Amino acid sequence: MASREQILAALRGAAAPAEPLPATPARGVTHYPDPVARLAEAVLAVGGALVRAPTAADLAREAAALAQRLGARRVVSEVPEAGAGTVRLSDISDPHDLAGVELAVLPGAFAVAETGAVWVAAGELRHRGIFVVAEHIGLVLRADAVVNDMHEAYARIRFEGPGFGVFIAGPSKTADIEQALVIGAHGPRSCTVLVVG
Amino acid sequence: MSADHAGRAARFAADEGRARWHDGALWAVRQKRDRLAAELPEWEELRERAARIKAHTRSRLADYLEQFEREATSRGAVVHWARDAEEHNRVVHRILALKGITRLVKSKSMLTEECGLNAFLEARGIEVVDTDLGERIVQLAGEPPSHIVLPAIHKRREEVGALFHRTLGTEAGLSDPTALTAEARRHLRERFLGAQAGLTGVNFAVAETGGVVVCTNEGNADMGTSFPRVHIACMGVEKVIPRLEDLGVLVRLLARSATGQPITTYTSHFHGPMPGGELHLVIVDNGRSRLLADPAFQGALACIRCGACMNTCPVFRRSGGHSYGFTIPGPIGSVLAPAWDPVAHTSLPFASSLCGSCDDVCPVRIPLHDLLLERRRQLVAGPGSISPGKRLAMRLLGFALRSPARYQAAGRLLRLALGRGPRWLLYGPWNRWGRQRELPPAPPATFREVWRARQGQGAKGVGGG
Chain A
668 MASREQILAA LRGAAAPAEP LPATPARGVT HYPDPVARLA EAVLAVGGAL
718 VRAPTAADLA REAAALAQRL GARRVVSEVP EAGAGTVRLS DISDPHDLAG
768 VELAVLPGAF AVAETGAVWV AAGELRHRGI FVVAEHIGLV LRADAVVNDM
818 HEAYARIRFE GPGFGVFIAG PSKTADIEQA LVIGAHGPRS CTVLVVG
Chain B
18 MSADHAGRAA RFAADEGRAR WHDGALWAVR QKRDRLAAEL PEWEELRERA
68 ARIKAHTRSR LADYLEQFER EATSRGAVVH WARDAEEHNR VVHRILALKG
118 ITRLVKSKSM LTEECGLNAF LEARGIEVVD TDLGERIVQL AGEPPSHIVL
168 PAIHKRREEV GALFHRTLGT EAGLSDPTAL TAEARRHLRE RFLGAQAGLT
218 GVNFAVAETG GVVVCTNEGN ADMGTSFPRV HIACMGVEKV IPRLEDLGVL
268 VRLLARSATG QPITTYTSHF HGPMPGGELH LVIVDNGRSR LLADPAFQGA
318 LACIRCGACM NTCPVFRRSG GHSYGFTIPG PIGSVLAPAW DPVAHTSLPF
368 ASSLCGSCDD VCPVRIPLHD LLLERRRQLV AGPGSISPGK RLAMRLLGFA
418 LRSPARYQAA GRLLRLALGR GPRWLLYGPW NRWGRQRELP PAPPATFREV
468 WRARQGQGAK GVGGG
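Just so you know, the protein sequences line up as chains A and B, in that order.
This note's numbering applies: residue 668 is where the first sequence begins, and numbers increase by one.
This note's numbering applies: residue 18 is where the second sequence begins, and numbers increase by one.
None of these hints come from the bench; they were simulated from the model.
None of these values were measured; they are calculated from a predicted model.
Warning: the hint list may mix true and false statements.
[Claimed, not checked] Chain A side only, calculated, beta carbon under 7 Å to chain B, not exhaustive:
hint, residue
1, P762
2, A788
3, R823
4, V833
5, Q846
We put the beta carbon where it would ideally sit given N, CA and C, even for glycine.
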């Protein structure tokens, strides 16, 4: 424990003059009149796609169409209304067996119109890596679960106990070779946001 | 590493095509950053808030770290403390050795670069694989990153193709970035699935919730921490922030400043380990408390490592990150480096035109060019930091500037020399500026002469408004 005490003592001894902690804004300046329309633009800008499904039946149809378009045969679905899928996370004990999943349809808690990011509370999934190991992902959320910006987003997030959550904005990407944008670095090669309602 | 910034920069700039490309590529990132910043009417207010959040945190850093430790521990994480690089490396090694782990995947962490972790672990029989594509490229090439956000920005696509051919056995002559990335994906996916532990850096550590936040575009931090059971996250003491809501401010600034994206593809929040797994948090000082104790430079601890100051810097863009010879290249690195080793990094604060562009883009409003100037003041006061030639030139200049008569005489002499002096005199080794360009023609008359002539003609408008 000596290192801990030494570091804390050094930091206390060096403490900068007291500064007040500023209040954070409840939300940003821009208030989007049609948050879902703005979300669609933002998702597109980060390399994803947004599909609207007015009813639960539409959702099932859109999810099936997505799987077909992608030629996905190994499909995980954690959203019952979007169809059953062919692989159940609850049947898999070792996350390594998830390699080869072609499409994962996962529940998104809410989305952020400003950035195109969807909040996925992945700690609630049996295997938290499913959102990144699948070749393609679909994120399902309700049309009334779209906030304006990151301030509103963090106001909605609570961490009680251990847990893992992630904002996902589009498919995995890199520009590490000559700044050329390449979609599908390590994770999904596509990201479709399915908005119900 | 020696600190001959000028020599290394000259070698980088000798390949004119590469230097021009590097300059243009980083300037394009700067322009993307401008577009995204302009989208938010409250951009300047966010910068101000971020600066104040960081200033407040600095004033109570020890309290926030204790709170962070308490909360993180209550969520099942194990917190370790390390005073310096050596202790950090030993802590990480001990965690791995206790479980007999020999295969580690890493996502980007400038702290572990600073500590030299890879070499330390490799010498002890542990395979370390950097998984950020840019970091993997420089790791395979046996080089350090040349930029904190774009580690392989100094390499052209053909070089990456040749490197992959040599090290990964890919087809010869491959240079398409999409094809090369696909090869890297295949190669690294095997490593992710075969790893026994994953190590990440930390972008933000939240005292209120005991969680750490990691931002990537590739998803490599998530791949590296979802399959192996052991996750080690290494952070400098300055990474802690007070509240979850502070992330709203900082996350809005980070990716916009770094790459001109509204947010990184993945912003991952780790609170405790995965079920049945382990999460180790290593909190590292390594000179940061010393920096905090220096009232002139403690503000540099606000840095959130976005790299915006490098992308905008006219010197960095044209001389490349490796020429700085420090883990963090660019303006913020030139401010930080002398805190670690003033002798080795003497030249860095001078590798700046003090144009102030870095101040304008810094998301946490670090007054970088003031700090660079302050570093110069400190270094000048020390022995041997300025060459005798420069010292002599400065003394002569001071002598001329202290008296109006001497100043005017010097001006006359210089104009005469510029007009009639022989080339060997004007472009001798003392004229470094003139190595790449011609000196401007001398004006026909001095300002004083022009002024007197105008006064004589009765023109009153020049200075009177």
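Hints, one by one, checked against the model:
{"no.": "1", "hint": "P762", "result": "holds, 6 Å"}
{"no.": "2", "hint": "A788", "result": "violated, 10 Å"}
{"no.": "3", "hint": "R823", "result": "violated, 11 Å"}
{"no.": "4", "hint": "V833", "result": "holds, 5 Å"}
{"no.": "5", "hint": "Q846", "result": "holds, 5 Å"}
This entry does not satisfy hints 2, 3, going by the numbered hints stated previously.
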